[in-house]
Each structure stands twice: as structure tokens, then as C-alpha cells.
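Given chain A, put chain B in place with the hints provided.
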Amino acid sequence: MPGDATLARRASDDPAAFAELYRRHVDHVYRYLLLRTGNVDDAQDLTTQTFIAALERIGSYEPRGTFRLWLLGIARHKAADFFRRNRRTVPLDSVEMVPHPGPLPDEMVSQSLQVEHVVSLLHRLAPDRAEALTLRVMGELSAAEIAALMGKSEAAVKMLIHRAWRDLRRRLEPVTVEDEL
Amino acid sequence: MSEENFNSEGRAADHLDALINAAQSGTGAPDETGITGFVEWSRSLRPDATYVDDLEQHLMALHRVQRHARRRVIRRAVAVAAVIVVLIALLILVRGGDGTTPAGVAPPTGVAMSGITGTAQAPAATVTRIIVTPQLPTHTPPGTPTLTDTPTPVALAATGTLAVEIDMTLVAANYATQNASVQLTAVLMPPTATPSSTATPTALPAVASTPTPLPSATHVPPALDVAFVLDTTQDFEALRTGFVDGLALNGIDVRFGLVGYDATGVAPITDFTRDRTAFAAALADLPPGGESPGALGVALNQALDALSWRGYPTVKVIIVIAGAPDRLGLSAAARRAADQGVTIHVIGVGDLSAADTEILRQIAVISGGQYVPLGTGAALLDQVAALIAESLAGF
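Heads up: the protein sequence lines correspond to chains A and B, in order.
Residues 28 to 208 in our numbering are what the first sequence spells out, letter by letter.
Residues 2 to 396 in our numbering are what the second sequence spells out, letter by letter.
Take the hints with a grain of salt, since some may be wrong.
[Claimed, not checked] Where chain A lies over chain B, by a calculated footprint (3+ residues, C-beta under 8 Å):
#	segment
1	56-62
2	352-360
[Stated by the list, open to error] In silico contact screen, one side only, chain A against chain B (beta carbon under 8 Å); selected entries:
#	residue
3	49
4	72
5	96
6	170
[Claimed, not checked] DEER-style ranges, computed between Cβ atoms:
#	chain 1	residue 1	chain 2	residue 2	range
7	B	236	A	91	29 to 37 Å
8	A	110	B	352	12 to 20 Å
9	A	69	B	238	30 to 38 Å
10	A	89	B	9	33 to 41 Å
11	B	10	A	90	30 to 38 Å
12	A	151	B	386	46 to 54 Å
13	B	9	A	68	37 to 45 Å
14	A	91	B	277	54 to 62 Å
15	A	68	B	10	36 to 44 Å
Note that these hints are calculated values from the structure, not bench results.
All of these numbers come straight from a predicted model, not from anything done at the bench.
Beta carbons: idealized from backbone N, C-alpha and C, even for Gly.
Next comes chain A alone, as it looks inside the complex (with noise of 0.2 Å):
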């Protein structure tokens, strides 16, 4: 099985090979982008972005780190970019109580519930924090590729996550999903 390096190389001609790359990291970047913006249908949109972004950029497209961390780089500028369009006129606090738009099964209510539940807690810490945890639990980079993209050093990001995860634990605790139900 070729390698991301190896395929990306060959994608720009190999519709075959940008195929594959994108079933490898679908999942990473909607989830990653699922809890930035803590909306089903804008983590579509943004992740439907950041491939077409990355297929017309794909033929300059330079090895310098692991293609994940080059598409997340994408997905992460497609995010600013969705958030300083959109300026957020529901008040984060009552993120919870926003109704969804139409009956769901059980699981998804449930799945639906901790995921506003959880951004809405990822939003109330400092944006750094909730940044680099985001793209390491998420986006499954390691602290050195959080550290590349967001311009620090490695020990600087362990302690962003580290802190990240001490605050939203904190705020998990009392409200959980058992006691939601």
C-alpha cells in the first residue's frame, strides 16, 4: 500500500490515487472541523472546501510534513475563514438548548447532544487551547505538528492540550451525558 507522500505525489494525474487520500482523511478533517464548528451541515460544507482546496492545490503540493497535517492546515484556514464570515449570533451558552431541526433516532440525539455539548465548552476555553486539543484528539496530529502549524514549540502545545483537557474535564464532570438524558 503506497504511502500518503507517495500518492500525493501522484494525484494531480492519478484520480485514483487522490481517491484514496481522501478516504484516508475524511474522517479526521470532518471531525476535526465537526467540533470547530459544532454543526453537522458546516463541517460538511468546510470539508467539502478543504478537499476541492486541496485538489487544485495538489500538484504543488510539497512533502515537507505528513499530507494529514497539510490538509489540516487547509481545513483550519477554511474554519477562520467560515468564522469571520459568520459572526455567531446564538450566545454560546445556549448552545444546548437550540432545538435540532427534525426528529433523529435515539443514538443520533444522543451523538448530537455531545457534540454541542462539548463545543460549547470548547468555545468558553481559551482559543489556543481549544485549538490544540482539537487537532490532536481530532485531527490525530502529534504535539510536533501542532507545534508547525500553529508556530510554537512542541513543549508549548503539550501544555496547550494539557491545560485544554484540565478545563474541559472540569467542565464535563457535572453535566454528563447520562445525567442529560
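This is chain B only, laid out in the frame that chain A set:
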């Protein structure tokens, strides 16, 4: 080991990082920080399978479009390079004749001659061929005689006048051409009914003609066919109300056609017309569409097939004003347009997703056109005018 046992926050951060690594590699176990559970929960968040499949199909379609566009660019670059090489070679060849250009004379690029006539001094005969010999002025390298065979032998009366239409450009005349002329020589064959008569070819007298300079492109108003392909579910009121007076294309032989569409198909088509008032009336009468997404692929194919496009050198343009499109057949329609020399410009209207915007942009790119988002109010006409001007600029 509890977190409090670490004597520094840095060591705790390293420990947490190791726990995350273990959880992500599948070797983690529930731990005192709870991070393993968080990692496992995050991995349960997966995009909808239908969405993933649809996006993959969309990306593959875009991939094909991009490869096609890249190949077109390469082909054009090669063609341009070849033309440049040929022009340079011709320039070197011509300048090699006497090596100089007369001072003060701007070297024209060529001279076109046509409509030259000559009178035969021969008995009834059949013209088998006509020899055209350029007579070029001093300083001009000798032109190579151009042999023009008549498509079919022409019967010539004893005292008749032979009209010869010549359409040629003396590329070698890269000097002063004011005095250029041609000599016609008709090679005659006696009628087959009198095989005993002399078969000596008789030459037509030399006939001087005044060369007609090649008109520059700026002096020739180009012909322009513009088809509007309108998504009738969208608002294009500015076009409906201001079209007759708002689109100035003075001096250009322009015709307008109209194809309206919605999700159910294409409205009655208005074929190309020079009558702006009639076209504006057709615009005004276009029924508002109902369902979306509009069948843009169907509408583009209808515009290509049902409208009476003129041939070269007409500039052929489709202006699409579209909301979110049904993607069926879009790329193929755009490629057809490109193959037929029709440029598609797209103006995006309404609340378009990034994917829809990208699709509309690619449709324009495939055919060498542009994509622009809709402006507000009267800006729509300005955008249309700018896109048409863009197409004319390349003529």
C-alpha cells in the same frame, strides 16, 4: 498514579500526550485523566456515509475537469509556440531577400487581393487552370507564383470576359506593397468538339490590380451571438427591465438568444435575434420557474443544439445566470461548448454552497469563460457587459 504526583505541569503534559498516543494507536486503557475515553468518543464521530460517497464522486468529477483544463492550456501553449516559431522563420526568410526594409515605410503584414478580372484574346475554349504571378515592387523579394487551379474548367466565349476571384495573401510582401499587382495567365484548352484546332495555350494579358489592404480587426465589427441561459427560479429583474438600453454594443453585429430553465426542464426557447426590443419582450415574458435545483446541463445542451449559432468568425458566448444547479451532465455540456467554440460565462445567484459555487466556476473554466457572483441591483447588467467585453477582447 494520580496527576498530583507529577512534580511539574510539564511532566503532566508529557504524560497526557503519551496517553493520547496510546489511545489513538488502540493500546490505551481507561486512565485517571479520562483522555482515553475522550479519544474513543471522538473516533465515533464519523461523517454520513452518503455524504462521503457523494463528495468523493464530486471530487473525481472535478479531477477530470482539472486534467482536461490543464491539457487545454498545454495544447494552447504548444500551438502559440508553434505559431511564433513559424512567424520568426518567415521573418528571417523574408528579410533574407535583400536584407533591408525601405526607410520610412512601415512593413505591413501582407496584402489581400481579390476580384481581379482579365479578358481572353482567344477563340472559344475551356480554361483548364489559371496561373497567378505576384508582381511585387522594388525591395520586395520575388514572390513565389501561386498556382490556382479552377475548381472546374470554365467555358470561355470568344470575346467573353473571364472573371477570376482571387483570395490570397502575399505573406512575402513584408515591405511596401502600394504597387503590388498580379499577372494572370489563363491556360486554355480548345473545345473538345474541334480537336483539329490549335492547342497552343493563349495567355491572358497581364492585369494590374490595386491591392486592398487587409483591414485591421478594430475596423471590422465582429459578429457576436450571445445566448442567455437563465435559471428562472432566480431573480434577474435588472436584466428584464434594463436590457434594451443598458447593454451598449455599438457597431457590433450582435444577436441575442434566450433559454430559461428550472428543475422541470427548459422553457420555450427564443432563437437569436438582432431585435433588442423583441428580445427584451421575450425576457419579460419568461415564466418564473418553480422548483430547483435547475437543470442547467439540459439548458446548456439546448442552447448549443437549438439556437442557430453562426459560424466562424462569430464570437459565441453563453451567459448563464444560475442558482444552485442540478449537476447532471454539466461537465459534459461545458466540454461540448468548448469544443464548439462557445464560451460560457457564469453569474452565480442566490445562496450558493461552496460546492455549488465551485461547480459553476468549473463550468466557466472549462469553456474559457469566467465565473462571477451576482452583484446587486443594476450591477447585473454591468457584469453581463463586462463578460461580453471579455469575450470580444480575445477576438
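Q.
I'd like to know which numbered hints this structure contradicts. Please list them from smallest to largest.
A. Numbers 5, 7, in rising order.
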